[in-house]
Every structure is written in structure tokens, then in C-alpha cells.
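Engineer: Below are the chains, spelled out letter by letter.
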Amino acid sequence: AQSVAQPEDQVNVAEGNPLTVKCTYSVSGNPYLFWYVQYPNRGLQFLLKYITGDNLVKGSYGFEAEFNKSQTSFHLKKPSALVSDSALYFCAVRKTEGRRALTFGSGTRLQVQP
Amino acid sequence: GAVVSQHPSRVICKSGTSVKIECRSLDFQATTMFWYRQFPKKSLMLMATSNEGSKATYEQGVEKDKFLINHASLTLSTLTVTSAHPEDSSFYICSAPIPGYEQFFGPGTRLTVL
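As given, the protein sequences belong to chains F and X, one line each in that order.
For the first sequence, our numbering begins at 1 and goes up steadily by one.
For the second sequence, our numbering begins at 1 and goes up steadily by one.
It is worth saying that the hints were derived from the structure and are not from the lab.
For glycine and all other residues, C-beta sits at the position ideal for the given N, C-alpha and C.
Take these hints with a grain of salt, some might be off.
These stretches of chain F come out as covered by chain X in the derived footprint (C-beta under 8 angstroms, 3 or more residues) [unchecked claim]: (1) 37-46; (2) 101-114.
Which residues of chain F face chain X? A partial, calculated answer using Cβ under 7 angstroms [claimed, not checked]: (3) Y32; (4) K49; (5) L82.
Residues of chain F placed beyond 10 angstroms of chain X at every Cβ, according to the derived structure [what the hints assert, rightly or not]: (6) E8; (7) N12; (8) A14; (9) P79.
Use the sequences and the hints to build the structure in full.
Structural biologist: Structure below.
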């Protein structure tokens, strides 16, 4: 079975400071990894993905994530946080083979203070 | 980019009635769609995989007779919550995978059962 852990329910950061939202995963074989963002009462918006290749993946709105196979992590980062980045962030995983449904982490609420 | 729509965005119904939620892929064909359920402050839980032209595949613990799924065409999947009860109140989100590995999510449907 595959699983995703987001150890922080909430991350608080001041505007302009760098942010990190943590994610670790467990899957047999090679993973496809994703980050999505959710605003209140909205669906999920795709931020970025890791499929293969460079471990550092750049995505939408200035976000990036680093795939670390040895630590089975895929932390989301941004060099300078904006107040508008405040939202709920989900890490997700699926296996490279087989079913395409995603397994999601529990979500991390990012709060960026002005 | 690919767009997935859901209708209605919000529905309130009386206990014992049935509610139908539509999920449409607007500019691409989706032989598979996924239905997720999100509880307040919780992650998304996969309910079922909707397959065009065949029966849906339900996750363990999801009552197939209660959550009826029909994939009527390559662009439409419907979820019908039958004999709804207050515990069925939730945020339901559909998604459709596209070539390129990611999935696009609908905006979600907030169901409230009185």
C-alpha cells in the first residue's frame, strides 16, 4: 500500500520569508509525486509534479519541490512567501505502474502573515 | 489547460432523498474519472473509480448501493447519493487524469443533508 505523510498541520511564515511544507511518502517501486493547493470551498489546483529526471522540480506561482529518494521526501518550497499563498496544501503519490488514482497526505495549512 | 467541471457546486437536501452530482471533462475525453470525498479539515479519500463503458470500482468500505456511479460518456460521470443521511454531508470532488501524469480536479460539490 502507498501512503503520504505531511507531519505539520499548519505552517506559519512571515511574508517575504522562505517557506517549506514537508512531505514524505511510502510506495513500492518508483513514485510519481504531486503537490496540489486548495483554496476554501474550491477544488484542487495542480502546482507541480515529479515524474523522472532532475530532483528539483519547478512549478506554478514560484513553488518548487525537491525529490529525495533516500529520504523518501518531496518537500515543497518557495523562496519568498506571499500572503496570497495562504491555503491548504496537499502532497500526493501514485505508483508508476497500475492505477492512476492518487493517495493524498493529510494536508498542511499554510498561513502567511503580512 | 484541461478543465473539469462539477454541478451543482452546492446542494442542500432533506434526509432520505437522492442527490446527483455531475462531473464533466470540458475539453478532453476521460475514460476514467475518480470520485473523492473530503471531510472538514481532512484529506481527500478516494471513493471510487468511474470507468466509461463498465462498472465503477469502489474502494473498501464504500457502499456501492449508496453511492451510485455512472460513466455515461467520455466526458461525463455522475455520482448519485441515494437515501442521503446527515452523515453523508461532505465535500465531493471528482478528477480526471490526462496524458502527462497529473489529474485535473473539479471545483467540488458541497452536500449538506438536513
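Engineer: Please write out, lowest number first, the hints stated earlier that are contradicted by the structure.
Structural biologist: 5
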